[in-house]
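Peer 1: In order, the protein sequences belong to chains F and B.
Take the first sequence: its position 55, counted from the start at 1, is 55 in the working numbering, and no numbers get skipped.
Take any residue in the second sequence, count from 1 to its spot, add 1000: that is its number in the working numbering.
By construction, these hints were calculated from the structure, which means they are not laboratory data.
Beta carbons are placed, not taken as given, at the ideal position from N, Cα and C, and that holds for glycine.
There's no promise every hint is true.
Claimed, not checked - Just the calculated beta-carbon pair ranges, DEER-fashion:
#1 B:G1035 with F:K250: 37 to 47 Å
#2 B:H1163 with F:G252: 36 to 46 Å
#3 B:K1219 with F:N249: 51 to 61 Å
#4 F:D201 with B:A1172: 20 to 30 Å
#5 F:N200 with B:Q1138: 44 to 54 Å
#6 B:P1026 with F:F109: 36 to 46 Å
#7 F:D201 with B:D1176: 29 to 39 Å
#8 B:P1026 with F:D114: 27 to 37 Å
Said to hold, decoys possible - Calculated cross-link-like contacts (lysine-lysine; reagent style DSS-like; alpha-carbon spacing at most 27 Å):
#9 B:K1099 with F:K250
#10 B:K1199 with F:K253
#11 B:K1113 with F:K255
#12 F:K253 with B:K1227
#13 B:K1227 with F:K260
#14 B:K1056 with F:K248
#15 B:K1113 with F:K274
#16 B:K1116 with F:K255
#17 B:K1113 with F:K250
#18 F:K255 with B:K1066
#19 B:K1221 with F:K247
#20 F:K248 with B:K1099
#21 B:K1066 with F:K247
As the list claims (entries may be wrong) - Covered stretches of chain F, going by a simulated chain B footprint (3 or more residues, C-beta under 8 Å):
#22 59 to 69
#23 143 to 150
#24 163 to 177
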Amino acid sequence: MNTLITFLTILISINSYTKEHTDNSVLKLDMTKYDKINVYNFHGNVQVNSTNSTNALIKSARKIEASSSKKLQRAITEIYLDTMTMDDELYIYISDPDKTLENIWGGGFLSYQDINNNHNHSGIKSADIKYEFDLELELPAYVDAVISTHKGDIDLSGIKGELSVLNHHGNISLDGVIKVDQVRSHHGELKVKFDQQPENDIEFSTHHGDISVSFNNTPSAQLDLDSYHGSFFTDFEWTPSPSATLKKNKNGKTKYTVGKTTNVLIGGGKHKLKFRSHHGNMHILKH
Amino acid sequence: MKNIIYIITWCLLLTSISLSAQQREPIVIPLSNPGQNGVLTVNVHNGAISVTTHDKDEVELIINDKGGKSRKNRNLSSLRRIEKQNVNVSISEDDNQVKITRSENSHMDMALKVPKNFSLFLNTHHNGNVYVNGTNGQIEVQSHHGGIKIEDVSGSVIANTHHGAIIVTMQAINSDAPMAFTTYHGDVDVSFPANLSGKLKMKSSKGDMYTDFEFEEMKPKVTTTNKGSKREIKLEGWTYGQLGNGGNELTFKTYHGDVIIRMN
């Protein structure tokens, strides 16, 4: 038994990340040059606040762990926060030799993909290197933005431009927003507090978390709600709205789907607010 | 007395389904081959099914969501609960074969109208009263918690439930097909045209059996099994008989009820 414990201890110590590096950096960018900012973090939180300035301030706290000093030095030079410009939009992303940032899911959003070609990839993952970037952004209040991370929370406040906010592991909290296109997670909760009534269609989706959206007054919305295990609650008066029958034709066969989701109207029922979760409840509230 | 109870039960079923018509617009499923025979298959887990006929070349569906377990839940704090609609019905039409399925567990009744020459395969479990009227074709109904009433149909019928009566009135039969009417808690009451021909197989464990057909009673089947020095002789509880020239088997079975075979 003692031999087994000793063996496991040695095994754990071999695999542990013994070397660590942390540093901070600040980027200041003139946002009048860009139509939009796209922030794609990978591991780490993202915090966004608004500023009256026309400049964007991006503070990054980088933490890298490796199993040896040599590997750590390599990671410090190869893994960093980078920027690029495409179609007059600014991109802030993590440069990692083992990953590419691609639009493989459609919908206009990018995601990190592992480079699977064994001959080409540099082996950051296999070299026992872990990294995390905590980003703190100050953005002009009316900037349009995509804010994304794979593993980490996103907290955003006071941005009045058009927003899409996405992560996979982590919660998302938006406060004082006006124009939101999409808020999407998988393992996290979504909390969105609007400063005024929405004037566009919006999609809120997660798999494991609750969704809570609040307004300062009754929005004019059609709520399209779907949660397998969860329930739906609201502060507002609502009326049921018959769900649409979807019709598809394929090879002479016609398929209809009736009422897959719950549809209700609040206010005048002008804009479609789509809520999707699997395990979570949904709250549409007044604040 | 029993007949009055049946009438009240079926009136309530029909009333509930007709009330639903006021709540939700009908879903119209046009057929690929108008004027030709068709098949309707319905698979639901919780809810009544009613099928009647009309003169249109389409299938019409009216759904009545009766609500599920969420209706039992109270509002959360001061918040209003939004009731889940939970309809989630999938329908397909291919070469006059219409399939309707619903996997949700909440209670939802369906009322359908089909052209007369339609075969029906209807399957439900909870709250599963099934009503069919006026079709011409093959009918197979499977329920568990519900009665089955089939009126003025032609063709063949297989009807099975557990907690409910089976009442069937046939105008004409397809002599090429066997038929079966089986339940556990309830009467089996079937009316046939006078020219019925077939091999009868009937059983009621706790009830009685009645008919106004003249039939030739057959000997019950006896099975003998030898186990070493022991011999086991089993006399089946079934009653066998032959109507007319015989033909396909007509099975009638209940445990806590009567078997009634009537002549129209």
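Peer 1: For each hint, tell me whether it holds in the structure or not.
Peer 2: Here is how each hint holds up against the structure:
G1035 of chain B and K250 of chain F have their C-beta atoms about 24 Å apart, which leaves the hinted 37 to 47 Å range violated. Between H1163 of chain B and G252 of chain F the C-beta distance comes to about 41 Å, which sits within the given range of 36 to 46 Å. For the pair K1219 of chain B and N249 of chain F, the supplied restraint of 51 to 61 Å holds, since their beta-carbon distance comes to about 59 Å. Under the hint 20 to 30 Å, the C-beta atoms of D201 of chain F and A1172 of chain B, about 56 Å apart, miss the expected range.
A hinted range of 44 to 54 Å for the beta carbons of N200 of chain F and Q1138 of chain B is consistent with their spacing of about 53 Å. Separated by about 40 Å at the C-beta atoms, P1026 of chain B and F109 of chain F satisfy the suggested range of 36 to 46 Å. For the pair D201 of chain F and D1176 of chain B, the beta carbons lie near 57 Å from each other, so the given range of 29 to 39 Å is not met. The given range of 27 to 37 Å is broken by P1026 of chain B and D114 of chain F, whose C-beta atoms sit roughly 51 Å from each other.
With a C-alpha separation of about 15 Å, the suggested pair K1099 of chain B and K250 of chain F falls inside the 27 Å cut-off, and the hint holds. Distance check on the hinted pair: K1199 of chain B and K253 of chain F sit about 41 Å apart at the alpha-carbon level, beyond 27 Å; violated. For the hint linking K1113 of chain B to K255 of chain F, the alpha-carbon distance of about 18 Å falls within 27 Å, and the restraint holds. Taken as a hint, the K253 of chain F and K1227 of chain B pair is broken in the structure, with Cα atoms around 57 Å apart against an allowance of 27 Å.
Restraint check for K1227 of chain B and K260 of chain F: not satisfied, since their Cα atoms lie roughly 59 Å apart, outside the 27 Å limit. A threshold of 27 Å between alpha carbons decides the hint, and for K1056 of chain B with K248 of chain F the separation of about 22 Å falls inside it, so the pair holds. Simply put, K1113 of chain B and K274 of chain F have alpha-carbon atoms about 34 Å apart, too far for the 27 Å limit, and the pair is violated. Straight-line distance between C-alpha atoms of K1116 of chain B and K255 of chain F comes to about 23 Å, which keeps the hinted pair within the 27 Å bound.
Annotation: proposed proximity of K1113 of chain B to K250 of chain F holds, straight-line Cα distance about 25 Å (limit 27 Å). Between K255 of chain F and K1066 of chain B, the direct Cα distance comes to roughly 24 Å. Compliance with the 27 Å bound is thereby established for this hinted pair. The suggested pairing of K1221 of chain B with K247 of chain F is violated, with an alpha-carbon distance near 55 Å, which exceeds 27 Å. Between K248 of chain F and K1099 of chain B the alpha-carbon distance is near 15 Å, which keeps this suggested pair within the 27 Å criterion.
A threshold of 27 Å between alpha carbons decides the hint, and for K1066 of chain B with K247 of chain F the separation of about 24 Å falls inside it, so the pair holds. For the region 59 to 69 of chain F, the stated coverage by chain B is not satisfied: 0 residues place a CB nearer than 8 Å to a CB of that chain, which falls below the threshold of 3. Judged by the Cβ-Cβ criterion of 8 Å, the region 143 to 150 of chain F is not covered by chain B as claimed, because only 0 of its residues qualify and three are needed. Restraint check on the region 163 to 177 of chain F versus chain B: 0 residues with Cβ-Cβ distances below 8 Å, three needed, restraint violated.
Hints 1, 4, 7, 8, 10, 12, 13, 15, 19, 22, 23 and 24 from the earlier list are contradicted by this structure; the remaining hints agree with it.
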